[in-house]
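The residues making up each chain are set out below.
There are 2 protein chains.
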Amino acid sequence: MTWRQRAQGLGKVVVGVSAVTGALVAIYLQKKSPEDRIAATSWTTNFKPSIIWDSNWDKREPDSLVKVSKDNPDPKQQKDYENLVMKNTPKATRHLILIRHGNYNLDGETDQMRYLTKLGREQAELTGLRLQALNKQYLKLVSSTMTRAVETADIILKSLPKDLPVERSDLLREGAPIPPEPPLGSWRPEKQQFFEDGARIEAAFRHYFHRASPDQTTDSYEIIVCHANVIRYFVCRALQFPPEGWLRMSLNHGSITWVTIRPSGRVVLRALGEAGFMPPAKISSM
Amino acid sequence: MTWRQRAQGLGKVVVGVSAVTGALVAIYLQKKSPEDRIAATSWTTNFKPSIIWDSNWDKREPDSLVKVSKDNPDPKQQKDYENLVMKNTPKATRHLILIRHGNYNLDGETDQMRYLTKLGREQAELTGLRLQALNKQYLKLVSSTMTRAVETADIILKSLPKDLPVERSDLLREGAPIPPEPPLGSWRPEKQQFFEDGARIEAAFRHYFHRASPDQTTDSYEIIVCHANVIRYFVCRALQFPPEGWLRMSLNHGSITWVTIRPSGRVVLRALGEAGFMPPAKISSM
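Those protein sequences? They're chains A and B, same order as listed.
Under the working numbering, the first residue of the first sequence is numbered 66, with each subsequent residue one higher.
Under the working numbering, the first residue of the second sequence is numbered 66, with each subsequent residue one higher.
For the record, the hints were derived by calculation from the structure and aren't laboratory data.
Zero decoy hints are in this set.
Note that identical chains are pooled: a pair holds if it fits in a single copy or bridges any two copies.
Using 30 Å as the maximum straight-line C-alpha spacing, the simulated DSBU-like pairs for lysine-lysine come out as follows:
no., residue 1, residue 2
1, 227, 347
2, 201, 183
3, 156, 132
4, 347, 156
5, 347, 223
6, 141, 124
7, 201, 347
8, 347, 205
9, 205, 183
10, 152, 132
Predicted model only: the values in this text are computed from it and were never measured.
Put together the whole structure using the sequences plus the hints.
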């Protein structure tokens with residue numbers, strides 16, 4: 066049962082009570098749904114997964130897009146159904162290569178003043194060279210519109226083909242995606258900030274993270290240059306891990322986080338916070 | 066509430082029922098605990114975390130180790146209590162550097178025949194050089210007793226100080242930690258394999274993953290050379306993410322996965338599957 070399904074399930078527990086006249090009774094209730102019988106440890110024999118993968122997480126499961134009934138006994142309609150499902154079935158894999166911007170001027174009070182430091186520019190250059198060495202047919206590069214992300218993207222682009230399409234998006238700007246669990250003492254944004262940023266970063270997730278469209282014929286590699294909170298939230302959401310756990314991860318500046326989305330909608334995290342292509346002296350995270 | 070706490074909580078829901086004579090009544094029950102009111106999406110205003118961090122996950126929370134009551138009004142006893150808690154409070158950070166073995170002979174039928182390939186030996190050498198470049202005061206290196214892990218460890222050791230303590234452990238051998246969710250069509254071990262390996266890999270987690278002991282005075286770096294399934298299960302368990310999600314990650318051969326455990330018991334994943342220190346031509350995962 067996912068955290069989402071659990072929430073929907075609340076208030077649906079029906080209890081049959083054999084009553085005793087005029088008395089208040091306290092009973093121990095055991096929930097009846099098999100989904101609720103969760104193994105106390107991973108290695109007991111009565112294993113039930115505590116979190117079921119939602120295969121239609123991006124609302125692009127082929128048979129969820131097809132209107133004709135698959136139970137229709139008419140062979141002609143049945144054939145139509147199968148053809149439509151086939152037509153809506155993705156064939157290609159999408160690779161999303163998420164890059165955190167480089168080290169920047171923490172003393173800046175405005176976004177414009179939070180430009181990359183010398184170290185940050187060096188990091189971005191190393192990241193660009195690594196992407197070049199990986200030698201993939203990149204489809205495009207998208208960056209957040211914040212100064213440090215734009216600067217990082219522009220340095221990376223020097224190492225990539227001149228005709229690579231470039232996009233900027235406000236959806237990818239840094240923010241407070243969701244109150245972290247456990248909370249962090251030193252980082253307590255206002256509730257209104259989570260309220261505003263949270264929906265925007267979730268919107269970014271839904272925009273960029275989905276299986277390939279059925280007409281995509283070859284695997285694609287897209288570079289997304291953005292921010293630590295945004296990337297960590299994306300990773301939790303993509304893996305269907307509880308998103309409030311995002312602060313249990315940390316990302317180095319200029320690091321590569323690689324998420325692969327298969328045609329089936331399955332998601333695999335292939336690297337998180339990879340900065341091994343930088344000499345240790347060039348690594349920073351704060 | 067973690068998956069573990071949820072499981073422990075089952076059967077503990079006490080319901081006060083105002084009874085009706087001789088009747089069977091069906092009531093809709095709404096659980097009263099605020100922990101159970103879970104937000105359906107991360108960005109709604111009624112946010113409650115779906116998974117609460119268990120700060121005593123390693124059973125080493127200082128005040129859980131102290132017997133004297135903190136509610137005792139006697140000032141002498143109160144002072145004793147505070148001293149005992151202080152004495153049991155860790156001060157140092159533990160870094161666990163998890164290394165996957167190198168590429169190996171997949172055609173081998175016995176463990177001995179599943180030795181490193183030429184590529185696998187090159188990967189291990191690159192990993193060793195990276196650990197050397199990171200230049201930490203490593204406390205020790207532990208490896209699984211399987212051939213490919215021992216070989217990888219021995220190659221890595223050539224780049225590390227001669228007097229570094231080395232351990233081998235059967236607990237770290239590759240296996241089937243827990244049935245993955247979603248299941249993988251091509252990988253369906255026997256139930257008995259999960260039954261046997263699952264407890265052993267969980268035992269390995271409990272042995273190696275915990276906050277520093279109170280008498281550890283400086284931060285420590287330990288290298289653990291083992292296997293992809295074992296490392297991915299460790300990461301899920303350490304981050305308190307559902308362990309059946311372990312196959313949502315993938316690890317390159319010779320890659321570094323870095324987990325930091327703070328004195329407070331907080332855990333941070335600083336890198337997963339990092340192989341950026343290898344030229345792209347040397348990277349493999351299968």
